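We have chain S already, so just place chain A on it with the hints.
2 protein chains.
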Amino acid sequence: MNAPDSLAREKFAQLLALTREPFPASTKVYESGVLHPDVRVPMRRIDLSNGEQVTVYDTSGPYTEPSAQIDVRMGLPSVRGDWIARRGDTEAYDGRARVALDDGQKGDAEDARLQALRAEAAALQRRPIRAKAGRNVSQMHYARQGIITPEMEYVAIRENGRREWMAQYLADAAREKRLAGNPLGAAIPRLITPEFVRDEVARGRAIIPANINHPEVEPMAIGRNFLVKINANIGNSAVTSSIEEEVEKLVWAIRWGADNVMDLSTGRNIHTTRDWIVRNSPVPIGTVPIYQALEKVGGVAEDLTWEIFRDTLIEQAEQGVDYFTIHAGLRLAHIHLTANRRTGIVSRGGSIMAKWCIAHHRESFLYEHFEDICGIMKAYDVSFSLGDGLRPGSASDANDEAQFAELHTLGELTQLAWKHDVQTMIEGPGHVPLHMIQANMTEQLKHCHEAPFYTLGPLTIDIAPGYDHIASAIGAAMIGWMGTAMLCYVTPKEHLGLPDREDVKQGIIAYKIAAHAADVAKGHPGSRARDDALSQARFDFRWMDQFNLSLDPDTARNFHDETLPKDSAKVAHFCSMCGPKFCSMKITQEVREFAAQGMAEKSAEFKQGGGDLYVPIKPVA
Amino acid sequence: MNAPDSLAREKFAQLLALTREPFPASTKVYESGVLHPDVRVPMRRIDLSNGEQVTVYDTSGPYTEPSAQIDVRMGLPSVRGDWIARRGDTEAYDGRARVALDDGQKGDAEDARLQALRAEAAALQRRPIRAKAGRNVSQMHYARQGIITPEMEYVAIRENGRREWMAQYLADAAREKRLAGNPLGAAIPRLITPEFVRDEVARGRAIIPANINHPEVEPMAIGRNFLVKINANIGNSAVTSSIEEEVEKLVWAIRWGADNVMDLSTGRNIHTTRDWIVRNSPVPIGTVPIYQALEKVGGVAEDLTWEIFRDTLIEQAEQGVDYFTIHAGLRLAHIHLTANRRTGIVSRGGSIMAKWCIAHHRESFLYEHFEDICGIMKAYDVSFSLGDGLRPGSASDANDEAQFAELHTLGELTQLAWKHDVQTMIEGPGHVPLHMIQANMTEQLKHCHEAPFYTLGPLTIDIAPGYDHIASAIGAAMIGWMGTAMLCYVTPKEHLGLPDREDVKQGIIAYKIAAHAADVAKGHPGSRARDDALSQARFDFRWMDQFNLSLDPDTARNFHDETLPKDSAKVAHFCSMCGPKFCSMKITQEVREFAAQGMAEKSAEFKQGGGDLYVPIKPVA
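Residue numbers (our numbering), protein chains in the order written: chain S, 9 to 629; chain A, 9 to 629.
Next up, chain S with everything else stripped away, as it sits in the complex:
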């Protein structure tokens, strides 16, 4: 390990320590299963200064549990290991032999650098498991057998939360009506039961991405009748400096609320860094295996073969990747439909496959071997994320024939996947103006049989580079409301460069906003409880509670302190907007006293008196 390496390691170890700090006034709490008593679902409880508590969904994993002993060289403790073992349908085996090419190394020998990286966290190498011959270990398969797995109960508890708001919710029928939202066809029960989760997974309307080789994952569901989820993309550094750096990126993303993380690394050492990421990730990890396959053939798309791709799938499935983006819906016959587009094919995976199809003038091997792929997926419970290789790259190309032709093929493939009980979600665009978003959701629901939709944005306009997290959060909120189950984030650097740590946070917060706006609009039970608690704190001048209930307590507090830095201002009954002399919130208190003194009666009297006569509009001057 040379000097820069050790400096970088130190820097990221410090960052990681910071990233592990619990949120202010927050405590990790756990709810236990009933069907499966060893299910223990973490949540974040926020304690308010008035004694109330608000418990929120928590994606941050053991990292924000102060008592957790975390060593990134050992990986996270297993959550699901016993559950998987109890099912008795898996077997450990030696696994595929790792080769230097997996890490982007030419020739057979690993260089010293790679050897050093591998030695750094040798304990992260695990012996893989797979389904026993003839068995299918997918959550969908269990669901269809009528089995409620621990994973399903976990998801049910997690979606419900502690529901401190429930008593008030039930007590106030009028309020409940306003909370009801407009689900636009979603069917969200007031209480998510384990049986409801099972049924949704069995129907294919939700997935629980959870590779049996990723026992560290805290199960979560992606589906229209659950909370809207978000995905953050991370990639390896040009020169990987340390395991701390790779893991810190992941921990940073889940701290701010990423429900899933896609590892889009390319280039050198990706196999080894993937081990680091998966072993240390409490959230499902997705990949685009064609990227690594392309690396293995030196970046020459036409040299790809089914055999190389298949080998890569098995490599990554053994490592524990939870879902694969596979662009199997891009068929040879679709390609010419893109010829007149303004921005052609902008999906990397899509363009790789288009190039392959053109070069060989034959049908995509992903399409031809789709059921072979299903065979691999169900042996590990890897979920499909069927890629939209022909998604529009500009407003001009939105909803065109190419895009929808591929979507229809994805619908066919969904049914094939379901024939194998393989969990499946569908990727969507991209760039879509506001008025064309509904058509995407309608087409997807119709042709893909309610398989969860997973969209990138969509961006509603093209003229906002530098702010595409905002341009796309608008579209994401809308399509989330309409039924999209997971939103892939866009950072401010989209179209311009590689996101840094701050960009990742900005992208995630923008997407937490979009997802929450959608949840509130759909009327997901309890989704408004946090808003109500925050607004109540605002009205009551409980400043610290207001900060602590925010999506980003640090920024909320820092912004407040820029104007009113003193601690006394945290309890002041005014704020920087109106200042102490005049405060609209204070006046409302007077309105309430006034109302208590019989305003309603006086108003009725006034109305009886004839209103207009009592306060006549003056004649025209």
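Please note: incorrect hints may appear among the correct ones.
Simulated restraints on C-beta separations [stated by the list, open to error]: (1) S:ASP119 with A:PRO573: 24 to 34 Å; (2) A:ARG143 with S:GLN446: 46 to 56 Å; (3) S:ASP548 with A:ARG94: 51 to 61 Å; (4) A:HIS416 with S:GLN446: 26 to 36 Å; (5) A:SER14 with S:GLU18: 42 to 52 Å.
Below are the DMTMM-like pairs computed for lysine to aspartate or glutamate, each with C-alpha atoms no more than 25 Å apart in a straight line [as the list claims (entries may be wrong)]: (6) S:LYS574 with A:ASP508; (7) A:LYS594 with S:GLU371; (8) S:LYS36 with S:GLU60; (9) A:LYS594 with S:ASP408; (10) S:LYS594 with A:GLU409; (11) A:LYS574 with S:GLU510; (12) A:LYS114 with A:ASP97; (13) A:LYS304 with S:GLU598.
Examples of chain A residues lying across from chain S (beta carbon under 10 Å, computed) [stated by the list, open to error]: (14) MET486; (15) LYS501; (16) ILE517; (17) ALA522.
None of these hints come from the bench; they were simulated from the model.
Keep in mind it's a predicted model, so treat the numbers as computed, not measured.
Heads up, the beta-carbon is just placed ideally off N, CA and C, and yes, glycines get one too.
Just chain A, lined up with the frame of chain S:
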């Protein structure tokens, strides 16, 4: 002038000079009137590296015209002076005598500081004009007489732009269909004619805020059938340091695209700084006169009187304020409806009036004197912005009885204002979850007779303090699409503190995104031309064109340069996302060549061959 003053002046003079720099590759161009040859409408032409030009709407005024001689102590040149004079229906008069209290000074004597501030820009004092006795100088009045004013022709030209895109638009019927948008009831003609503007103003469906004492204004329209506009709020500094500082704030806001600016200053020296702002503003200036009236009575709401308020209206009308927010729809009988709200009354103006009504237990003097107010408005052509004093301050209070009761009263008042031919727009919320936004627009259209709607956001969730520009841009885009004519921005500091220069910019850009997303969705002709040009530049790797067409070219370029700083990267046929080895855009070029070689025929052949037989799905493994 003491030392800190002169330092501050120097600092803001430098900032102002920077803010005056033209945007990259941009030239201010002018289109002339036909009906009124002295109409000369500025636009910003962006010259692309491929020889194409894209002309965009320009709110920045003479500040970005390098040849303009600007002296903030003299004010901007008059745009409308001759037009107003030619109409022959106005008269100059001495105006109301200014008193020290106008600037928040107690007693009769002005202190030395105020005298110094006034002396700084003595040339900005103008002799006011007003309508001759019995005349009405509102644009609505002229419109209803069938008169197309220069202001109306100006607006028509401005809304159309140069329409370089028109030939392609007309040539490509299929593309035009996709451009058509979904106007949701708006009726936007392909070409905005002066007669169309006149008709919209006559119907009350659009306003042109343009006080006859603000001849510097570049006329613009606010209406559902025009481009969606945005408003930025500015306020005076706690201690006003210099005229440069006040004017720089304004110039900064219009540089980034504010169509209107509201001056929400309170406290000392506001009369004098308002002179500075109005005389140097090419965009309409709005105010909330009740704020200043409240200052005049020492901040004690119950001491407000109609006489003090009326005097303040005349004071500000003589200075040239273009629209007044007046909370005349908040009636005594509405107040008790807020008693059970989560966050009561959050509008400052609303809470002032509620307090007054409660203290006196009588109807609001604004409501009682509404037609007196109309008499003032039409003598100067000040437009109403009828305030929503009962707007919800949280999702929990959205669309409640209090809010809609006030809205219905605003509808009654609109008809009264129209009886006097006074231009009127209606303010709207606030905090509204996504699924409740449509009801706001529907109620407003129905009860306010299509008078332009002007909303603050709305914020779609409450848990995003620090990011409320994003939480509200989502709601703003949606309500803009549905028919709101102007969107009042929200900065990241909303609910937390006072926005600084960067916050103002962030708020404006978020709202330019929302407004543009709405324009594209509504199918405003030409609104998509800039998106298409930018996406084309992106696809062609014309990096500089991509930056220059952006809403914020500086940020786009800086973000790009963080990853690929070299000048050569600005012409590189790859970007930092995929890198040079593999590029999806390059592959699309190959797709096009492939398509040209007869892909379509081959595809047809393939389809004829029976598709599934030709590339059979393998049997289940």
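So, going through the hints one by one against the coordinates:
no.	hint	verdict
1	S:ASP119 with A:PRO573: 24 to 34 Å	holds (29 Å)
2	A:ARG143 with S:GLN446: 46 to 56 Å	holds (50 Å)
3	S:ASP548 with A:ARG94: 51 to 61 Å	holds (58 Å)
4	A:HIS416 with S:GLN446: 26 to 36 Å	holds (31 Å)
5	A:SER14 with S:GLU18: 42 to 52 Å	holds (48 Å)
6	S:LYS574 with A:ASP508	holds (19 Å)
7	A:LYS594 with S:GLU371	holds (21 Å)
8	S:LYS36 with S:GLU60	holds (16 Å)
9	A:LYS594 with S:ASP408	holds (21 Å)
10	S:LYS594 with A:GLU409	holds (21 Å)
11	A:LYS574 with S:GLU510	holds (23 Å)
12	A:LYS114 with A:ASP97	violated (38 Å)
13	A:LYS304 with S:GLU598	holds (22 Å)
14	MET486	holds (7 Å)
15	LYS501	holds (5 Å)
16	ILE517	holds (6 Å)
17	ALA522	holds (7 Å)
In this structure, only the earlier hint numbered 12 is contradicted, and the remaining ones agree with it.
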